[in-house]
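K.L.:
Start from the sequences and build out the full structure, keeping to the hints where you can.
Protein chains: 2
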Amino acid sequence: MTTTRLQQQIAFLVELDKLKTIYRRSYLATDPSRKENDAEHMWHISVMALVLQEYCPVEIDINRVIRLLLLHDVVELDAGDVSVYLRQNNLELVEKEKQAAQRIFGLLPAGQAQEMLAAWTEFEAGQTPEARFARAVDRIMPILLNYYTQGKTWQDVKASYDQVIAVNRKIGDISPQLWDFVKQIIDDSLAKGYLLRRYNC
Amino acid sequence: MTTTRLQQQIAFLVELDKLKTIYRRSYLATDPSRKENDAEHMWHISVMALVLQEYCPVEIDINRVIRLLLLHDVVELDAGDVSVYLRQNNLELVEKEKQAAQRIFGLLPAGQAQEMLAAWTEFEAGQTPEARFARAVDRIMPILLNYYTQGKTWQDVKASYDQVIAVNRKIGDISPQLWDFVKQIIDDSLAKGYLLRRYNC
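As given, the protein sequences belong to chains A and B, one line each in that order. Here the first sequence is numbered in the working numbering, starting from 415 and rising by one per residue. Here the second sequence is numbered in the working numbering, starting from 415 and rising by one per residue.
I should point out that these hints are in silico values taken from the structure, not numbers from a laboratory. Accuracy of the hints is not assured; some may be wrong.
[What the hints assert, rightly or not] Listed next, the stretches of chain A that the computed footprint assigns to chain B, with coverage defined by at least 3 CB atoms under 8 Å from CB atoms of chain B:
no., segment
1, 419-431
2, 436-445
3, 452-462
4, 473-483
This one's a predicted model, so the numbers in the text were calculated from it and none came from an experiment. Where a beta carbon is used, it is the ideal one built from N, C-alpha and C, also for glycine.
P.N.:
What follows is the structure, encoded as structure tokens:
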């Protein structure tokens with residue numbers, strides 16, 4: 415029996431169901447007893463991009479931003495979630511995620527696979543205004559969730575104030591206004607003791 | 415202190431976090447020990463619409479379909495999830511969901527609140543091609559999840575074959591091809607015993 419185009423598409427969609435079981439570092443603001451999973455996260459930041467698009471001073475196609483966000487963590491299905499504080503210069507992880515993208519999007523018919531792979535690659539490269547805004551939104555949500563759980567993830571990964579600033583200040587490259595706001599939240603987290611200035615090793 | 419526009423938008427986004435704790439009737443295909451929540455569901459069917467848009471013979475704006483899907487269950491935050499088999503002619507529920515939409519979208523600045531309320535209302539009314547396709551996709555996913563969990567939700571709510579056909583055949587009004595496929599899955603579920611022809615009361 416040959417697999418029809420529609421069967422390939424359904425197989426891809428069923429495979430994506432697994433993302434509901436891939437847990438991230440962030441805890442829910444609503445229920446800090448558990449972490450957020452990739453499916454929840456991709457929905458939440460897609461809506462966030464929709465709501466906050468006006469703070470991107472560069473012209474963007476918001477529909478493309480949403481596509482990037484709906485797909486950006488699909489690779490974690492094979493490669494797992496890795497903290498932003500451990501991602502820097504992790505070439506092994508980059509390779510693993512590329513292979514994951516090939517395998518997962520490769521479940522789709524060829525044209526569609528290429529289209530989705532291109533969206534994922536665009537997000538990863540972070541060069542287009544759409545990818546830069548998508549990546550900013552992807553950074554803002556964990557900060558909010560940290561703030562509303564009194565810094566739970568920051569404490570888990572022992573992220574210091576300086577590290578949080580260093581990793582997230584890129585938000586300001588695409589949206590100075592959002593970075594101003596986020597910086598206030600980070601500063602307030604330091605003041606409230608949710609985040610430490612430094613960790614003594 | 416006055417609340418700025420951005421603070422209102424952030425308050426809305428933080429409120430939406432609660433949807434990660436509103437559980438639906440469907441179980442995960444990947445892990446049938448737990449039910450799917452609204453946040454996961456809205457992400458999954460948004461991607462589904464993106465992948466299956468070619469099966470809509472009527473011209474649609476897929477970007478609007480995705481907006482409807484990203485927001486369609488937000489009201490369940492106040493009104494809870496109600497099985498499609500119990501929704502028919504439930505005027506009290508309709509009223510409750512309307513009030514929920516007013517409250518939740520009302521957290522946003524006025525213009526944005528109206529825009530999102532309009533998207534939710536369009537989905538509910540189910541009249542535009544975009545809303546009809548969005549509603550079809552919203553019906554297809556639970557059938558898939560039922561199939562991959564051997565009819566777990568159908569058995570929970572004691573839905574018979576005839577009921578499942580009656581509730582879902584509307585898929586065919588907007589996409590005969592998707593309905594053909596879904597009908598095969600439902601028929602196969604009957605053959606495999608995942609779904610019963612009828613329940614003896």
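K.L.:
Which earlier hints turn out false for this structure, listed by number in ascending order?
P.N.:
Those not satisfied: there are none.
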